[in-house]
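Peer 1: Please work from the sequences and hints to get the whole structure.
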Amino acid sequence: GESVGLHLPTLSVQEGDNSIINCAYSNSASDYFIWYKQESGKGPQFIIDIRSNMDKRQGQRVTVLLNKTVKHLSLQIAATQPGDSAVYFCAEPLRNYGQNFVFGPGTRLSVLP
Amino acid sequence: EPEVTQTPSHQVTQMGQEVILRCVPISNHLYFYWYRQILGQKVEFLVSFYNNEISEKSEIFDDQFSVERPDGSNFTLKIRSTKLEDSAMYFCASRIQNTGELFFGEGSRLTVL
Chain X
1 GESVGLHLPT
11 LSVQEGDNSI
21 INCAYSNSAS
31 DYFIWYKQES
41 GKGPQFIIDI
51 RSNMDKRQGQ
61 RVTVLLNKTV
71 KHLSLQIAAT
81 QPGDSAVYFC
91 AEPLRNYGQN
101 FVFGPGTRLS
111 VLP
Chain Y
1 EPEVTQTPSH
11 QVTQMGQEVI
21 LRCVPISNHL
31 YFYWYRQILG
41 QKVEFLVSFY
51 NNEISEKSEI
61 FDDQFSVERP
71 DGSNFTLKIR
81 STKLEDSAMY
91 FCASRIQNTG
101 ELFFGEGSRL
111 TVL
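First to last, the protein sequences are chains X and Y. Here the numbering used here is used: the first residue of the first sequence is 1, the next is one more, and so on. Here the numbering used here is used: the first residue of the second sequence is 1, the next is one more, and so on.
FYI, nobody ran anything at the bench for these hints, they're computed from the structure. Keep in mind it's a predicted model, so treat the numbers as computed, not measured. The reader is advised that the hints may include incorrect statements.
Which residues of chain Y face chain X? A few of them, derived with a C-beta cut under 10 Å, are [what the hints assert, rightly or not]: (1) 83; (2) 93; (3) 101.
For lysine-lysine, the following BS3-like pairs were computed, each having C-alpha atoms within a straight-line distance of at most 30 Å [said to hold, decoys possible]: (4) X:71 with Y:83; (5) X:68 with Y:57; (6) X:42 with Y:78.
A virtual CB, placed ideally from N, CA and C, is assigned to each residue, including glycine.
Peer 2: Right, here's the structure in full:
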């Protein structure tokens with residue numbers, strides 16, 4: 001999809017609560033997805049990835065869920081901390097099975113004290 | 001921890017001027033990338049580079065753009081004649097193989113006046 005300009009979707013959560021960030025992707029043939037975190041003034045930082053032959057993958061405090069039927073990804077962050085405040089992007093291959101990525105528009109996560 | 005480094009962190013230039021953005025990828029990485037992010041928008045793929053040649057480029061990467069790996073450590077992005085719409089944050093990224101995690105630099109902010 002196209003960018004959403006200056007107004008990113010924002011998710012506000014209380015510190016300690018769980019966060020769920022959603023992403024819709026466009027290409028049903030995409031075989032690999034990545035979640036990135038971008039803190040203010042910094043470059044994107046890898047969080048977790050998942051291949052299309054899986055529907056769930058867990059990392060440290062993060063879980064990615066993949067629903068290929070509806071072309072939907074979600075990132076779950078357990079026990080959200082202030083340091084989790086950032087913009088989160090999902091990324092899928094630029095072309096079918098490609099090695100370069102197109103990023104989603106991003107969701108801003110704000111952690112409230 | 002090894003990291004991708006970029007210089008300058010911020011460059012201001014006049015429209016029509018040439019700009020070179022520099023990157024030092026992680027030393028044992030073989031695949032190199034440039035992405036850009038217009039303020040408040042999503043990260044966009046520009047170009048990928050492997051074995052001293054461009055492996056893929058996006059529609060954004062027109063004849064005004066070029067990349068070079070002039071020595072064993074640097075990877076540069078040149079914009080021949082900058083336009084106002086080239087104002088963005090430019091991120092360099094690298095990875096050891098053509099799958100898996102992309103490591104991003106902190107970015108170079110380009111402001112075209």
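Peer 1: Against the earlier hints, flag every one the structure doesn't satisfy and list their numbers going up.
Peer 2: 1 and 4
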